[in-house]
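Trainee: Respectively, the protein sequence lines represent chains B and H. For the first sequence, this note's numbering assigns the number 1 to the initial residue and increments by one for each residue that follows. For the second sequence, this note's numbering assigns the number 147 to the initial residue and increments by one for each residue that follows.
Careful: at least some of the hints might be erroneous.
[Claimed, not checked] Every beta carbon over 12 Å from chain B, so not counted as near; a handful from chain H, in silico:
#, residue
1, Q156
2, N183
3, E192
4, V198
5, T227
6, F283
7, I367
8, I389
9, A407
[Claimed, not checked] Under the rule of at most 27 Å between Cα atoms (straight-line distance), these lysine-lysine pairs were calculated in the BS3-like manner:
#, chain 1, residue 1, chain 2, residue 2
10, B, K23, H, K246
11, B, K131, B, K120
12, H, K160, H, K288
13, H, K288, H, K157
14, H, K406, H, K418
15, H, K406, B, K35
16, H, K158, H, K288
17, B, K16, B, K42
18, B, K31, H, K406
19, B, K131, B, K35
20, H, K368, B, K110
21, H, K168, H, K153
22, H, K406, H, K426
23, B, K31, H, K368
24, B, K91, B, K31
25, H, K158, B, K23
26, B, K120, H, K368
27, B, K120, B, K91
28, H, K266, H, K160
29, B, K16, B, K110
30, B, K16, B, K129
Everything labelled a hint here was simulated from the structure, so no lab data went into it. Don't be surprised by glycine CBs; every beta carbon is placed ideally from N, CA and C.
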Amino acid sequence: MMMIKMQPTMTVSLSKDTVQIVKEQDVVFLKNRVKEVAVRIKMGLVNQTRLITAASELVRNMMRYGNGGVCVIEVVSSGRVNGVRLTFIDKGPGIPDIAAAMRDGFSTGKSLGLGLPGTKRLVNEFDIKSKVGEGTTVTILKWANG
Amino acid sequence: MSFNTHKLLQKKKKNILELWMKNQLADEGLREDLISNEELRSQSEELINALVGNLSSENFTDLQSEEWSPVIEILGGIAITRARQGFSPRETGNFVFSLKEALLDVLQQEITDDAMTLFKESLKINRLMDNLSVVTFETFIKGREEVILRQTDEITEISTPVIRVWDGILALPIIGTLDSARTQIVMENLLQEIVETGSSIAILDISGVPAVDSLVAQHLIKTVSATRLMGAECIISGIRPEIAQTVVHLGIDLSNIITKATLASALAYAFKVMRLEVRKAAVVGKF
Chain B
1 MMMIKMQPTM TVSLSKDTVQ IVKEQDVVFL KNRVKEVAVR IKMGLVNQTR
51 LITAASELVR NMMRYGNGGV CVIEVVSSGR VNGVRLTFID KGPGIPDIAA
101 AMRDGFSTGK SLGLGLPGTK RLVNEFDIKS KVGEGTTVTI LKWANG
Chain H
147 MSFNTHKLLQ KKKKNILELW MKNQLADEGL REDLISNEEL RSQSEELINA
197 LVGNLSSENF TDLQSEEWSP VIEILGGIAI TRARQGFSPR ETGNFVFSLK
247 EALLDVLQQE ITDDAMTLFK ESLKINRLMD NLSVVTFETF IKGREEVILR
297 QTDEITEIST PVIRVWDGIL ALPIIGTLDS ARTQIVMENL LQEIVETGSS
347 IAILDISGVP AVDSLVAQHL IKTVSATRLM GAECIISGIR PEIAQTVVHL
397 GIDLSNIITK ATLASALAYA FKVMRLEVRK AAVVGKF
């Protein structure tokens with residue numbers, strides 16, 4: 001199993017919500033849910049847009065490469081500040097070479113190849129775990145003011 | 147000892163209908179605005195006739211049997227009409243539940259001496275009516291879903307207008323998320339309109355797009371390239387500050403596309419390219 005890791009912050013989960021991603025319409029539904037949560041913790045407009053864009057990238061990846069899956073939306077607190085953590089779990093084919101997938105411009109589909117590396121730049125914490133044949137889990141965290 | 151409930155119900159059809167109508171008319175959720183009392187009565191009568199007429203001792207609890215299909219058909223028809231007319235699920239449910247009450251009431255009046263039989267027969271009717279309620283709800287929800295699907299179709303249809311803002315300038319406001327299917331429609335409409343109007347400038351306004359991710363950006367880039375191949379220039383307007391920051395962070399290169407913050411500045415740019423000037427008219431005479 002390959003991993004690319006940032007040092008995760010110790011957090012307390014305040015609320016948890018799971019969204020099933022099966023069809024195209026679920027993408028818009030998920031984005032709206034993420035926005036709701038972000039607004040609730042008073043995230044600024046720019047950060048909201050970054051988080052929603054990141055969510056959009058990951059959920060599209062999940063639909064396209066992982067045959068759908070689930071997304072867990074959590075409000076977390078580090079004690080000082082609140083944030084939103086999203087966990088995307090699919091049971092797809094997995095990513096054989098994560099280092100390559102994280103490189104700008106790399107794509108096995110015909111996309112721009114900016115989804116994963118771009119998402120990493122949009123959020124505060126990013127973690128990807130993948131095992132070939134078992135699936136991929138991507139976790140991102142965005143602080144309300146970060 | 148066996149008791150012929152179906153025969154009893156057939157005999158008491160009139161009573162049941164009266165009781166049922168009384169229940170329905172007394173209900174707080176009666177929607178006289180959506181359905182007239184006469185119509186409600188004829189619906190009820192039709193259903194009771196079919197229900198009692200098809201009842202026999204064998205098929206009492208077996209809703210799969212052939213004889214039930216006319217009842218289910220009538221009930222389904224009623225449920226779908228109600229979904230379209232805008233009845234709430236509770237109001238639709240009460241239609242069937244009040245029939246159950248009427249049936250049980252009649253049964254209670256008729257079987258006075260044998261508590262065991264009353265209980266057994268009530269249970270049978272209960273089971274039957276529960277099954278019919280499930281059917282009602284299934285059809286009701288299906289009716290609602292049809293309404294939603296129709297609305298979805300309508301939304302996709304109205305969401306991509308191409309506007310001729312000036313001679314030779316087209317504008318295309320995009321609202322909502324751009325997915326592959328919509329990009330296709332947008333591109334087709336735009337390219338077609340360019341040919342028809344002989345326009346040389348197209349403005350894609352994305353003020354109404356909530357977030358630009360890499361896929362949306364890719365679709366925009368494709369649309370711009372296709373427009374250029376047609377010999378027209380494409381300007382993307384309506385880029386909000388937060389969208390600009392997100393696009394930069396994502397690492398999307400839009401530098402060889404002309405982008406503007408507002409539709410107004412895109413239009414001003416288009417005028418400049420076409421060497422048009424917008425001026426305040428000189429004051430002629432006194433007002």
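Trainee: The structure should be examined with respect to each hint, and the outcome stated for every one.
Mentor: Against the structure, the hints come out as follows:
1. Q156: holds, 48 Å
2. N183: holds, 41 Å
3. E192: Non-interface label stands for E192/H: nearest chain B Cβ at 38 Å, farther than 12 Å.
4. V198: At about 44 Å from chain B, V198/H clears the 12 Å cut-off, so the statement holds.
5. T227: It holds; T227/H is separated from chain B by about 27 Å at its closest Cβ, greater than 12 Å.
6. F283: holds, 22 Å
7. I367: Given that some Cβ of chain B is not farther than 12 Å from that of I367/H, nearest at about 8 Å, it is violated.
8. I389: violated, 7 Å
9. A407: Given a closest Cβ separation of 15 Å, the condition holds.
10. K23/B x K246/H: violated, 39 Å
11. K131/B x K120/B: The hint holds at about 20 Å.
12. K160/H x K288/H: violated, 32 Å
13. K288/H x K157/H: Violated, at about 35 Å.
14. K406/H x K418/H: Between K406/H and K418/H the Cα gap is close to 14 Å, so the pair holds against 27 Å.
15. K406/H x K35/B: holds, 26 Å
16. K158/H x K288/H: Violated. K158/H to K288/H sits at ~34 Å, over the 27 Å cutoff.
17. K16/B x K42/B: With Cα atoms ~17 Å apart, K16/B and K42/B stay inside 27 Å; holds.
18. K31/B x K406/H: holds, 26 Å
19. K131/B x K35/B: Not satisfied, since the Cα-Cα distance of roughly 30 Å exceeds 27 Å.
20. K368/H x K110/B: holds, 12 Å
21. K168/H x K153/H: holds, 23 Å
22. K406/H x K426/H: The given pair, whose Cα atoms are some 24 Å apart, holds under the 27 Å limit.
23. K31/B x K368/H: holds, 24 Å
24. K91/B x K31/B: holds, 21 Å
25. K158/H x K23/B: violated, 51 Å
26. K120/B x K368/H: holds, 25 Å
27. K120/B x K91/B: With a Cα-Cα distance of about 21 Å, the restraint between K120/B and K91/B holds, given a limit of 27 Å.
28. K266/H x K160/H: holds, 23 Å
29. K16/B x K110/B: violated, 34 Å
30. K16/B x K129/B: Roughly 21 Å between the alpha carbons, so the hint for K16/B and K129/B holds.
Of the hints listed earlier, those the structure fails to meet are numbers 7, 8, 10, 12, 13, 16, 19, 25, 29, in rising order.
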